[in-house]
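These protein sequences, in sequence, are chains S and X.
So for the first sequence, the numbering used here puts the first residue at 404; every next one is plus one.
So for the second sequence, the numbering used here puts the first residue at 404; every next one is plus one.
Simulated from the structure, these hints should not be mistaken for lab results.
Just so you know, not all the hints are guaranteed correct.
Any copy will do: because identical chains look the same in the list, a pair fits if it lies in one copy or spans two.
20 angstroms max Cα-Cα, derived PhoX-like pairs, lysine-lysine [claimed, not checked]: (1) Lys739 - Lys411; (2) Lys757 - Lys494; (3) Lys510 - Lys577; (4) Lys494 - Lys746; (5) Lys531 - Lys541.
Number of protein chains: 2
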Amino acid sequence: MTTVTTMKSISYKNIASPKGFKATGIHCGLKHKKKDLALLVSDVPASVAGVFTTNVFQAAPLLVTKEVVQTTGKMQAIIVNSGNANSCTGKQGMADAYTMQQKTAEKLGINPNLVGVASTGVIGEIMKMEPLLEGIQKLYPIDELEGAMGFAQAIMTTDTVTKNTSYKTTIDGKEVIFAGTAKGSGMIEPNMATMLGFITTDANIESNHLQAALKSITDVTFNSITVDGDTSTNDMVVVMANGLAENNTLTPDHPEWESFVQTLHAVSQDLAKMIAKDGEGATKLIEVEVQGAATDEEARKVAKTVVGSPLVKTAIFGSDANWGRIIAAVGRSGAKFDPNEVKIKIGDANLVEKGEPIPFSEEDLFNYLKQHEVKITVELNQGDGQGLAWGCDLTYDYVQINATYRS
Amino acid sequence: MTTVTTMKSISYKNIASPKGFKATGIHCGLKHKKKDLALLVSDVPASVAGVFTTNVFQAAPLLVTKEVVQTTGKMQAIIVNSGNANSCTGKQGMADAYTMQQKTAEKLGINPNLVGVASTGVIGEIMKMEPLLEGIQKLYPIDELEGAMGFAQAIMTTDTVTKNTSYKTTIDGKEVIFAGTAKGSGMIEPNMATMLGFITTDANIESNHLQAALKSITDVTFNSITVDGDTSTNDMVVVMANGLAENNTLTPDHPEWESFVQTLHAVSQDLAKMIAKDGEGATKLIEVEVQGAATDEEARKVAKTVVGSPLVKTAIFGSDANWGRIIAAVGRSGAKFDPNEVKIKIGDANLVEKGEPIPFSEEDLFNYLKQHEVKITVELNQGDGQGLAWGCDLTYDYVQINATYRS
Numbered sequence: 404m405t406t407v408t409t410m411k412s413i414s415y416k417n418i419a420s421p422k423g424f425k426a427t428g429i430h431c432g433l434k435h436k437k438k439d440l441a442l443l444v445s446d447v448p449a450s451v452a453g454v455f456t457t458n459v460f461q462a463a464p465l466l467v468t469k470e471v472v473q474t475t476g477k478m479q480a481i482i483v484n485s486g487n488a489n490s491c492t493g494k495q496g497m498a499d500a501y502t503m504q505q506k507t508a509e510k511l512g513i514n515p516n517l518v519g520v521a522s523t524g525v526i527g528e529i530m531k532m533e534p535l536l537e538g539i540q541k542l543y544p545i546d547e548l549e550g551a552m553g554f555a556q557a558i559m560t561t562d563t564v565t566k567n568t569s570y571k572t573t574i575d576g577k578e579v580i581f582a583g584t585a586k587g588s589g590m591i592e593p594n595m596a597t598m599l600g601f602i603t604t605d606a607n608i609e610s611n612h613l614q615a616a617l618k619s620i621t622d623v624t625f626n627s628i629t630v631d632g633d634t635s636t637n638d639m640v641v642v643m644a645n646g647l648a649e650n651n652t653l654t655p656d657h658p659e660w661e662s663f664v665q666t667l668h669a670v671s672q673d674l675a676k677m678i679a680k681d682g683e684g685a686t687k688l689i690e691v692e693v694q695g696a697a698t699d700e701e702a703r704k705v706a707k708t709v710v711g712s713p714l715v716k717t718a719i720f721g722s723d724a725n726w727g728r729i730i731a732a733v734g735r736s737g738a739k740f741d742p743n744e745v746k747i748k749i750g751d752a753n754l755v756e757k758g759e760p761i762p763f764s765e766e767d768l769f770n771y772l773k774q775h776e777v778k779i780t781v782e783l784n785q786g787d788g789q790g791l792a793w794g795c796d797l798t799y800d801y802v803q804i805n806a807t808y809r810s
Numbered sequence: 404m405t406t407v408t409t410m411k412s413i414s415y416k417n418i419a420s421p422k423g424f425k426a427t428g429i430h431c432g433l434k435h436k437k438k439d440l441a442l443l444v445s446d447v448p449a450s451v452a453g454v455f456t457t458n459v460f461q462a463a464p465l466l467v468t469k470e471v472v473q474t475t476g477k478m479q480a481i482i483v484n485s486g487n488a489n490s491c492t493g494k495q496g497m498a499d500a501y502t503m504q505q506k507t508a509e510k511l512g513i514n515p516n517l518v519g520v521a522s523t524g525v526i527g528e529i530m531k532m533e534p535l536l537e538g539i540q541k542l543y544p545i546d547e548l549e550g551a552m553g554f555a556q557a558i559m560t561t562d563t564v565t566k567n568t569s570y571k572t573t574i575d576g577k578e579v580i581f582a583g584t585a586k587g588s589g590m591i592e593p594n595m596a597t598m599l600g601f602i603t604t605d606a607n608i609e610s611n612h613l614q615a616a617l618k619s620i621t622d623v624t625f626n627s628i629t630v631d632g633d634t635s636t637n638d639m640v641v642v643m644a645n646g647l648a649e650n651n652t653l654t655p656d657h658p659e660w661e662s663f664v665q666t667l668h669a670v671s672q673d674l675a676k677m678i679a680k681d682g683e684g685a686t687k688l689i690e691v692e693v694q695g696a697a698t699d700e701e702a703r704k705v706a707k708t709v710v711g712s713p714l715v716k717t718a719i720f721g722s723d724a725n726w727g728r729i730i731a732a733v734g735r736s737g738a739k740f741d742p743n744e745v746k747i748k749i750g751d752a753n754l755v756e757k758g759e760p761i762p763f764s765e766e767d768l769f770n771y772l773k774q775h776e777v778k779i780t781v782e783l784n785q786g787d788g789q790g791l792a793w794g795c796d797l798t799y800d801y802v803q804i805n806a807t808y809r810s
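Could you build the full structure based on these sequences and the hints that come with them?
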């Protein structure tokens, strides 16, 4: 991709900032105290694109939203709850997800097939519909920061911080705003793990092209993070583009198509990294860059294997420059390469060259590893393939959170 | 396999019990205090079979042992150290491994190409050869329990217990003894992870048939355990059969061939389960049985995915019957099945049938999960494939051990 100068990161916008979007989040009673019900609405039906979990078990709300995305290509609102995943809940679960869709549509006075549904939380428990339906009646989305923050909080499970990002770009001379919010933070691994991502933009684009743009960047963003290797039954990223920026309709032939895709890429990558950094119990973001692989795909495979290795993750938690574990992970990744050509760096320190260890300052590296963002670089010297992956360290808190999740 | 009645588990034998085997283990100085150097010897050259790590990075000692196994098919002794893996140590590492082989051969007065070498410990550090070579001079293997226990202790890294098992069977009217010892306990995952296994028997068999027997049971034993998904650069399982039981040479046509294979299987499965149970920081052995898969291979894949899931492992550590995590792992395993046909049990309690949750007593299940051995059963209802996998829970101690391993 060539750099497009009009794209600009802006920190002060939110998912309700693109023209015509409103959001809110409240406590309805699925959780003890915290917010657990959220709504995102566009003034007009928006083109929609979505990517969904590859798990064979797919939660009821996910099936409902998939249906909206795949059949109409338009979405005007999405209702989201935390506290219960409505997954493996059989026919009752499907009925409940459709009821959520129906009641939200009635409340908003729109067609149910314009309403998506998302849920996150414990698997296998029937949804408490009474507080949820009462909650839907209490939702008043607004186009202000407060509404977007309420939404971001209400979709959280074990997340410790809300995750938001925004960008603007110019298309056909019109300012186009992009914003995204997401939640993690366990069961995160390739192919849409326990992750919910919502991206809004006022760009004007048809849903088939929006879907193509989202698909083209999913592998290098949302599918390039891992927290624990587990893939959830619920997770999805949905992009809504309502066209209110009034640019000419975007297609791959549009002169500013790349600008659109790059901005979507930037929003997605920001959200993905925030999810990785806020992995359950995490204290550090780990970025692994692989260069010189046979293909980009192989590079990403190596990067993900390294960033997902429990032994690498615990070593980094302990600020221990135990690069042998990086080597071991590279070696079992399934990628083909000559072990005698491998180069490994942590931060700026060269640790391995031509497959052999080289001396380094333990003290310098210890100080580097104590930081909250750690970079590992692997050079395979096999070709031009490159890739990035993000993850987090494995800590006492991960065990604590997950040994007691339902309690 | 049909049951062979002559096979009998015997607890009082050890790797020095089959006729003509001797063992020892001492402290030579690679570790601070603990034993770190071990030797296993047969009075006569033994037929040998081995399976080795699939990691692209292969440690120097492993390459030396592989050469012995693959070129001569005979081994008379194996020298093993802990404290240093001699992996990613380049040309110096290869030279050091050959020196270990050579000096052990000299000490025993045998041909170097009858001597295997194995190492386990930190990757990427050059071996301290001085204490090691002095140590080799101090090795006096004996055919008594003390020698075998010294060996079992000296190969340990973060293992908390020695791992030993023994069986006897009868072939051609002769008593044949089998014994095995192994070490784990981190970097344990498919395909020969950080695991060293040594099996001795006085059976009479050629190395090509011994290799075939070992290969036939590796996938369902050593390759069916996982501690943390990491695969080491060093690990191997070696079987030595010295023929001193004086049975007629075993081949697949021998009427008691199955008896031989089953006994080897039993030794291997015992060692594999002991390694899983003593995984780093583990408090519980988890056994996952998958039935009704399309193939046995697919069944094992599902079983290994479940037993390797960090979320399942932490839930079991917390005695939490969070079966949704089992469902999620089954669903991402890559196996093909209908989610509406799945049945899941923990212990004897049915939790999911036809893909839907069924009520169970939380209290009973909590009490069951507090035990040290936990069984999960998954029925896919797709075919006749079945498989087992073993692993352990994920605990605070795993993090503690691995955040500080090199310190």
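Consistency of the hints with the structure:
For a Cα distance limit of 20 angstroms, the shortest separation of Lys739 from Lys411 qualifies neither inside one copy, at 38 angstroms, nor across copies, at 44 angstroms. Taking CA atoms no more than 20 angstroms apart as the test, Lys757 paired with Lys494 passes between copies only; the shortest distance there is 11 angstroms, against 58 angstroms inside one copy. Taking the shortest alpha-carbon separations for Lys510 and Lys577, neither the intra-copy value of 33 angstroms nor the inter-copy value of 83 angstroms comes in at or below 20 angstroms. For a Cα distance limit of 20 angstroms, the shortest separation of Lys494 from Lys746 across copies, 16 angstroms, qualifies, whereas the shortest one inside one copy, 53 angstroms, does not.
In the homo-oligomer, the alpha carbons of Lys531 and Lys541 lie at most 20 angstroms apart inside one protomer (16 angstroms), although the nearest pairing across protomers, at 71 angstroms, exceeds that limit.
Taken one by one, the earlier hints fail for this structure at numbers 1 and 3, listed in ascending order.
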